[in-house]
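Enquirer: Here's the letter readout for the chains.
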Amino acid sequence: MTRKIRYNRRKIGSIPGTLVYTGDKIADPVKISHIEYNGEMFQEQVISNLQSYKINKKADTVSWININGIYDLEIINKLKEKFCIHPLVMEDILNVSQRPKYEDFEDYIFVVLKMFQYEETTDDVQSEQMSILLYKGTVLTFQEHEGDVFNQIRDRIRNKKGRICNKKGDYLVYSLLDAIVNYYFVILEKLGERLERIEEEVFSNPKKETVAKIHYLKQEIILLRKSIWPIRDVVNSLIKGESSLIEKESRPFLHDLYDHTIEIMDIIESYRDTNTSLMDMYLSSISNRMNEIMKVLTMMSTIFIPLSFLAGLYGMNFKNMPELEMPFAYPVVLSLMIAIVIGMLLFFRRKKWL
Amino acid sequence: MTRKIRYNRRKIGSIPGTLVYTGDKIADPVKISHIEYNGEMFQEQVISNLQSYKINKKADTVSWININGIYDLEIINKLKEKFCIHPLVMEDILNVSQRPKYEDFEDYIFVVLKMFQYEETTDDVQSEQMSILLYKGTVLTFQEHEGDVFNQIRDRIRNKKGRICNKKGDYLVYSLLDAIVNYYFVILEKLGERLERIEEEVFSNPKKETVAKIHYLKQEIILLRKSIWPIRDVVNSLIKGESSLIEKESRPFLHDLYDHTIEIMDIIESYRDTNTSLMDMYLSSISNRMNEIMKVLTMMSTIFIPLSFLAGLYGMNFKNMPELEMPFAYPVVLSLMIAIVIGMLLFFRRKKWL
Amino acid sequence: MTRKIRYNRRKIGSIPGTLVYTGDKIADPVKISHIEYNGEMFQEQVISNLQSYKINKKADTVSWININGIYDLEIINKLKEKFCIHPLVMEDILNVSQRPKYEDFEDYIFVVLKMFQYEETTDDVQSEQMSILLYKGTVLTFQEHEGDVFNQIRDRIRNKKGRICNKKGDYLVYSLLDAIVNYYFVILEKLGERLERIEEEVFSNPKKETVAKIHYLKQEIILLRKSIWPIRDVVNSLIKGESSLIEKESRPFLHDLYDHTIEIMDIIESYRDTNTSLMDMYLSSISNRMNEIMKVLTMMSTIFIPLSFLAGLYGMNFKNMPELEMPFAYPVVLSLMIAIVIGMLLFFRRKKWL
Amino acid sequence: MTRKIRYNRRKIGSIPGTLVYTGDKIADPVKISHIEYNGEMFQEQVISNLQSYKINKKADTVSWININGIYDLEIINKLKEKFCIHPLVMEDILNVSQRPKYEDFEDYIFVVLKMFQYEETTDDVQSEQMSILLYKGTVLTFQEHEGDVFNQIRDRIRNKKGRICNKKGDYLVYSLLDAIVNYYFVILEKLGERLERIEEEVFSNPKKETVAKIHYLKQEIILLRKSIWPIRDVVNSLIKGESSLIEKESRPFLHDLYDHTIEIMDIIESYRDTNTSLMDMYLSSISNRMNEIMKVLTMMSTIFIPLSFLAGLYGMNFKNMPELEMPFAYPVVLSLMIAIVIGMLLFFRRKKWL
Amino acid sequence: MTRKIRYNRRKIGSIPGTLVYTGDKIADPVKISHIEYNGEMFQEQVISNLQSYKINKKADTVSWININGIYDLEIINKLKEKFCIHPLVMEDILNVSQRPKYEDFEDYIFVVLKMFQYEETTDDVQSEQMSILLYKGTVLTFQEHEGDVFNQIRDRIRNKKGRICNKKGDYLVYSLLDAIVNYYFVILEKLGERLERIEEEVFSNPKKETVAKIHYLKQEIILLRKSIWPIRDVVNSLIKGESSLIEKESRPFLHDLYDHTIEIMDIIESYRDTNTSLMDMYLSSISNRMNEIMKVLTMMSTIFIPLSFLAGLYGMNFKNMPELEMPFAYPVVLSLMIAIVIGMLLFFRRKKWL
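Protein chains in written order, with my numbering: chain B, 751 to 1104; chain H, 751 to 1104; chain R, 751 to 1104; chain E, 751 to 1104; chain F, 751 to 1104.
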């Protein structure tokens, strides 16, 4: 995952509500798709010309308009007018570093949150902003890129599978949120695997780079936490909010979603704890290694320093050194040296260095 | 205990409420037992064919149906229909990584929590999911494996011992929860013993593996905390909940249970603190050891380096070295060397290294 | 103080409310004393035979029955019946590892808390469980061992000293709690003295055992905190509780008691902080010591290694070494050596190692 | 940014409400500007003589009086009287170390907060106090120095751009707060860049000064947090406050502002975490470096110490050393030495030191 | 500041409300002064004989009685009776280790808090207890020693300066509290200066004593925090309390006071953070120093150990050593030695040790 914080880059002094897209420019054309369905009918369309497109919605259907790519301000402006979106909401949709939030504007509910995409090939996690607007009978969704998290939901609607076709727009919103939150578990699993790999590295073969890995992982956990933490409040607001757009039967589903967000936070917290513990482990492993190095040095020095002294002693050139003349002096000194070595080894064994 | 986090593995994009068993497949057949009792009568049956089984419950009895093994979706589906269980509840029952929670569906109360099983032989702790459904007059319990934590409750019912026979289903639920929570103390005692063993190891003989033990114990404490923490809310919801299924006389018992959950959290917190403290102790013990090693090296070096120099000095081959010719030079140098050794030893004593 | 956590050892699977004494068995016989008093009269009795004893309480007196020793289940059972005590309360009284708590059963109030006894001779702190039941006009107290914390209260009643004689049973309960909480300050003072002794040790002469002392003190602080923390809630419940057994005039006294419990928590928290800081200090003192050792080694080595090399150089046996033949070579080399020593000492002074 | 805390320097014992300017004296003259506008008209004036100046405000216009420089007590006093400002408010305006706060005096709302100015040339951040008083139809703003954060707002009013001209004074206050809070993001971005530079330094080339940089950055983060944290409450009070001066239509804008303050706090918290992590990294990098140094020392010593001993051994001057006479002794000893070197190198490779 | 915690030293088992002075005995006589004032009149007296003194208070004046020295129980008892002070309040006044608190007894309000006195000569901070009783029209203040914090307030009353003369007793209480809280900023500034001095010491010249300074400063910060923290609640209670003794017009002043207490807590918290950071810095500076020492040792050893070996090699006494006879062997060996030195220096440069 990119570790960078994306700052709220509205031009200083610009008018609040100014529409500025703060994400990366993308070459792909904006793609708008429209799905209309209820228990009996299903209709799907790609809208090429937003201007001329007319939303002939029937009274009892759910209309889901999904916009892929939010960098084209012209299209965005047309939508803004068509759906009477508050300028600040529009600004939040385009500001891809927006903190997840929920707002109730009576006519519609606005939810913005982060979506994560794991790419197998690069072992990388892409963050993307997702905005949802729930009107009576209509749901608008804005994505930065095209993703496949929602394809299963589309399939379910197409095949009239599951509860979704007989429910209102709020259930569609729940389904979208559920799909996004569920995908967090995948991201967490990947992060958990990386955590385990680092853990293994710390235990078996701690290298200089390991500490950088621990540091970067910590950064990612902090950023993930920052992105996911507010979602709990978003879901809670959906449950507690008095909005008439949320049907009473959807509450148990939202409750279930809320439990999932809490569980995600639990896992992230335990990751943080584990990561901190890994840093401690790494530091202790460096210290252990140092101890080992010092032990080798000390043992070698301690054994050979007295021996070298003895050798030096009898290398002196004094005239009057009676030992030098004695015939057994050399073997006696050699034996003394061996005794010193044995003594030292016993000393080390007693110190449990061996 | 297995340190792995069990992720909420619902297939990405699958319909909420889809029944998927996320635990390990087990060979044992699903076992369903049915106990019916009140103050006067007691009846026990093993249900082999759920299809044909008819629950001829009398009005004033408590009916306890226990399902051992939740991997057989066919059986689970039949139960779901028979007892009108909400699909999301059913999903939670099968999802063995579910966070403990309480939900009140007016007709019934749903409680899910973790049960721990300590195995003496392997010094291992097995976590298992336990789901309880309390209907008026009927209690449904779902276990992953067969365990013996509940056998004493069965015995009490069979032998009409204790209060349980004259009470409603809520008291049975309380008894089950009480048995589970009581068993946590056993797990905590085992963990406490391990903590003490590691503490002793840190003090008497800290090894390289000790830090891994501290790390793994910390992981287990984190996981245990994650499993037990929400139970406090579950019990609190049972007390505070307005459900008519919980009799007023059961409140003091639930209060008592609540106190136990708080006590468990207190103990876990003190374990965490102790564990952190052990890590500090381990690090200081490594440093102490290093100090000791360095002391030995420094003392040996500091004593012998000047001696070796002196020996080297008089090993030089200069023509004009008058000392070499003097008859008492050798004993004088030897005495000087002894004086150096004594001086050094006094220096070390003053430094309190000896 | 014993550092061990006393686990809630109810036999697994036993019936809730089963009376099991979980403390240590004691040889002393159970001693029951009965004091009856009001502003005018005072009567004291030791009850030997509980069975035949009749409590002929007058309407306007306070009756205080104190039970020393709670291991005799027979006596306990008689009391339970005589005073209609709820089985769970009885279980809590006998379970000596009970967390401090307050419960209001309309007819009576139940308070359980920890009492500490400091023994001068062994510098040891003994923890003891104290249970108090307040009925209208009657107070029951259960102690594990005989202690003298309450003797002054008895003396005050005997001598009609202070407010106590003209007050109801709730004031007696307050007096008992006040005596217990006041004694905590003594325990804290002793702990504070130990903390200071360790602090001094860390500064003047940190030894290997010091870290163990810090660790054990931390454990004791954790346990003390665990025992005292809930008392705040107990006292608060007494104040906020709507019980008619607590007179309005007793509120200021309970408020005062509440302030004391907060002050105790403040002191314990500051002890924790100080203890943590001591650990840091200890670690830094080890590092400082290591630095000192290394300095000695480095200075000795750095001075003598070049000297030894020089000596070795002129100890070589090459035929063609013109220096060896020169008459002033030896004094020149000696001077060079002295110059090296001086140069090194200057270098060390510049490095501020000397 | 200056790291110093600016203490609340009211002269000890002076009367509360005494007007004392606690900032730095500045040579620039006080500059008062007056802007009056509504949807149709716009009028701008620099007030040179406050005494004679008459505010002929029309009923439906917004009047914005901005005071640059607050050290001239005479001018301040005149304003105080003209606008009936509470003496404590006046004291807060002049006390440039005032904590951000919101106060509602029915007739007017008082908001004080910190404004930051980043100076590209010195890579320095200047903190400045900003006070805002919102009356019905009139807005008073007090700045320490002249800054250009508000120039864009002036331009918008002049050019009748944006919503601002058709709104009341509360929208002007919102615009000012929004401009200030938006500028925090710039400061945070600069701080984030510094954090990244330090991060890189820690990884690639940790120097002795790096730790000072980490420490000073931490200080700045603490001070920034201290300045920004209360702004959240200020904005919340504006939203929640019942003041009639805040129009209902301004609430969504204030909500948006509130979200921004929360996001700022999120970023600051993540900076703190990262900073702490950097300190850990730095410490581990020092330890790693030490390990490397020790490895070099140990390898050199361990290889040469046995060789030197061997050389010393055969440098002894004993008469009776048969090896010395043997013709192949020298090459054999040389080979032995080479074998020792190879053996040691293999040993180091096995230890993974090479 | 004395680092010692002053324990709540009520004699164990003594009656609650017993009057015991727990401070240090002082030789100075108790001094009681009486000031009576309103907008028109002012009268000041030193009361020598409390017994015979009659308080002939007029209806519309404020009467301020200040007692300097609280060790004379006789005088205290007379005051207690004269002003109907609750025995527990009296006990709190005398117990100089009382935690700051607020209590409302309908007839009067009781406030107790800590006052700090900085003594320039000894660079020491003295803590003193201050108790305030606010009756309708009368204010009682109890100080341990005579101090000059209140002299300015007396001067203001004498000189009819400021708002104070036209206000009720609650404004006098506010003025006293404001003077005390304002003085905290002085103490904080002194503490901040010490913090900066230690910071400088850690950076430029960390000594063994530095860590003790950091530790003691931390202790003082903890104690200060313990003394000041509850004052926030005291002031809040004055604002929120429903007491009729607090006039509505005094609320803004108390609000201002409340903001100051929050600011003080902010500063103390930032001191704590800085102090912790200093400890980290100190530890890293020790490690850096160790690294430097090791580098010197390693460089010296690594350069000379191979040289010494070479010298030793050619000091061997083997008969058959052809090199010794060669005429150029000695210069060749010398050149080899120089090459080794150069090689090592290049190696160190590459390692960035030089």
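Treat the hints as calculated values from the structure; they're not laboratory data. Just so it is clear, CB atoms sit at the ideal spot from N, CA and C, and this is done for glycine as well. Worth double-checking, as some hints may not be accurate.
As the list claims (entries may be wrong) - Simulated restraints, written as ranges between beta carbons of each label pair:
1. F:1099 x E:939: 25 to 31 Å
2. R:823 x H:950: 35 to 41 Å
3. F:794 x R:966: 42 to 48 Å
4. F:959 x R:911: 41 to 47 Å
5. H:874 x R:823: 34 to 40 Å
Stated by the list, open to error - Which chain F residues face chain E? A few, computed with CB under 8 Å, are given here:
6. 783
7. 1016
8. 1029
Enquirer: If a hint holds in the structure, say so; if it doesn't, say that too.
Expert: Do the hints match the structure? See the list:
| no. | hint | verdict |
| --- | --- | --- |
| 1 | F:1099 x E:939: 25 to 31 Å | violated (39 Å) |
| 2 | R:823 x H:950: 35 to 41 Å | holds (36 Å) |
| 3 | F:794 x R:966: 42 to 48 Å | violated (59 Å) |
| 4 | F:959 x R:911: 41 to 47 Å | violated (53 Å) |
| 5 | H:874 x R:823: 34 to 40 Å | holds (37 Å) |
| 6 | 783 | violated (17 Å) |
| 7 | 1016 | holds (5 Å) |
| 8 | 1029 | violated (11 Å) |
When each numbered hint is compared with the structure, violations occur for hints 1, 3, 4, 6, 8.
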